[in-house]
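Model the full structure from these sequences, guided by the hints.
Protein chains: 2
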Amino acid sequence: MQQHALLITAGLLTTSDAKTAHGLIRGTERYTVRGVIDPPTAGRDAGEVLDGIHRNIPVWATVEEALAATPELTHAIVAVATSGGVLPAHMLDTIRTCLTRGLSVVNGLHEFLNDKPDLVQLAQTYGGELIDVRRPKRRDELHFWTGAIYSVTAPIIAVMGTDCALGKRTTARLLTQACREAGLSAEMIYTGQTGWLQGGRYGFVFDTTINDFVSGELEHAIVSCWQETGADLLFVEGQAALRNPGGPCGAEFLVSGNAKAVVLVHAPKRKYYDHIPAWGEIPSVESEIALIRAYGSEVIALAINTEACSPEEALAFQQSYREQLGIPVLLPLEQGVSGLVPVLQALMTKPQPPHAHS
Amino acid sequence: MQQHALLITAGLLTTSDAKTAHGLIRGTERYTVRGVIDPPTAGRDAGEVLDGIHRNIPVWATVEEALAATPELTHAIVAVATSGGVLPAHMLDTIRTCLTRGLSVVNGLHEFLNDKPDLVQLAQTYGGELIDVRRPKRRDELHFWTGAIYSVTAPIIAVMGTDCALGKRTTARLLTQACREAGLSAEMIYTGQTGWLQGGRYGFVFDTTINDFVSGELEHAIVSCWQETGADLLFVEGQAALRNPGGPCGAEFLVSGNAKAVVLVHAPKRKYYDHIPAWGEIPSVESEIALIRAYGSEVIALAINTEACSPEEALAFQQSYREQLGIPVLLPLEQGVSGLVPVLQALMTKPQPPHAHS
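So the protein sequences, as listed, match chains W and C. Heads up, the first sequence is in the working numbering, so the first residue is 1 and it goes up one at a time. Heads up, the second sequence is in the working numbering, so the first residue is 1 and it goes up one at a time.
Hint data in this document are derived by calculation from the structure and do not stem from the laboratory. Owing to the predicted nature of the structure, the values given are computational and were not obtained by experimental measurement. For glycine and all other residues, C-beta sits at the position ideal for the given N, C-alpha and C.
Residues on chain W that point at chain C, a partial pick, calculated with CB under 7 Å:
| no. | residue |
| --- | --- |
| 1 | T208 |
| 2 | D212 |
| 3 | V214 |
| 4 | A251 |
| 5 | W279 |
| 6 | L291 |
Mimicking DMTMM-like on lysine to aspartate or glutamate, the simulated pairs with C-alpha atoms at most 20 Å apart in a straight line are:
| no. | chain 1 | residue 1 | chain 2 | residue 2 |
| --- | --- | --- | --- | --- |
| 7 | C | K137 | W | D115 |
| 8 | C | K116 | W | D140 |
| 9 | C | K260 | W | E281 |
| 10 | C | K350 | C | E298 |
| 11 | W | K137 | C | D140 |
| 12 | W | K137 | C | D115 |
| 13 | C | K137 | W | D140 |
| 14 | W | K116 | C | E141 |
| 15 | W | K137 | C | E111 |
| 16 | W | K116 | C | D140 |
| 17 | W | K260 | C | E281 |
| 18 | C | K137 | W | D132 |
| 19 | C | K137 | W | E111 |
Structure (structure tokens):
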């Protein structure tokens, strides 16, 4: 059955807290996105709010208006990733309204809808479902790392970043699409809840996994994907950043996921981790590349997130990083990523290095 | 009430799978260890089995013999850390016997006793408790990282290693004791179940924590410890190794825990991660030190795990690493660690570096 979804962003649509919504507006195979609830931007098109491209996704101030215009709606999606994964209190009212109108509600936050008795009651009464995407798997569904990753002969490319919320998932998605358009069989392994919401078949939700199982779940996702699809190239969506103090992350992709190649996403104008001065300055791209090399992997391209850049500045950064680093530098949203396909294709002919360390 | 404990190692006492037992035999403030169940070494003293030092802890073949000799026993502890955290099947019989004799059973594996209805029934009938140390905390007991770590002015020293099961916890414990004997107020933050079993007041079980909360739980443990004890020096027990593919770990201590100093434990004779050739070779100490430096922290001393070394070889390794690395090299079990106290004391007078990265 076709699933028609309404995104709830509750006033956050123009902020990076709504990165889940941004990903779903850009594209999802699991749902057809039909509208967004976001009072401050109501009346506009969500695509235009996001990046100026009209996508025929109206923004509404209320659930009633959305349902009046789109009676075929089946799901409402809590499409924000707030700091701490907590549900903003005022969002609960919107969720209650959706449930009383018979919609199912999908939630990717750490705070679970199924833990709230009044919501469970409303869902039962009106026939909706409560879907908590981040609900951890049962222990007997989890995998430990085994070393099976070393049987994968397709190149594994991790899309990592120098901070959170930079467009790692979007870049991985664009790279996968560009390879497919060039006739390569490429697959993407998701590692966040948005990847699941977008219809990803292989992956797991990294940050909601019990630590001891992270490496095994990652390996299992990559190995099953490769075995079942026979893909030529495997892109792994990265999470956070190697040195983001709020949750350093990345060694798993390089070491347990055996990603010997990395596409690194960086925002030249972002100064502090998570935009918070007290969290410390984001180190230079050069030092991030050196750290990745210390793990035995190579950054094969830089992808620039152009937040706060004018178009001229974006091009100037592209030029200067290219000269400085000697690797391809992408502007994924402005120029696409197809220019990198030959580089990726070359990885396929290279014999995969053994897993020995220096 | 004094808690008298019997350790269950089920034939593994002489292997590194029994590292939980080894730690408890070396010392615990939570329990008084009165005996071990381990048929292959029955009749000997557990301390002598461990390292040749008699500790008045008899090894028994059966629970009945242990109880006959030690009727004041209150607890049995599953004192192994098997690969995958699964309970060896034959251990279940021993656990049932303990429960029918009224003992409480403590378990640090990922497989929980409270999930087994027949054990729950036995505990209820005979009045024992089932304590699953690795049972994850409830979500509302967990902390996110906040940056409060930067308020800690005492040096934070992570005890890390080039592989699992090398003696990181034991080294951290010895360092804490040596500092205290020298009149310094030192505290240790545990990060594994054995640390809790040994009576640690500050810490959390790293590998059983939902990934998104690891950094926050670590920060919370360090900050509360420092605030409540006013310690001069804080030692953090490391886990696994930065590049162990089964579960790379370490950035959390360096970045989220702001440990600018590291004592690195290494076994010169261990060739492969977890002793498994397919997991890959353990990289050189130099490359591990370089990787730690790429995170902005310094290795201030190497501690040698002398497994498979003759006493002469151990001394030769100490000498050659000292020359090669230019830092103090400890043989913790053979020589103690008090020689490092002046180096640690010097850290206290150094102004703590800001958290800026290179």
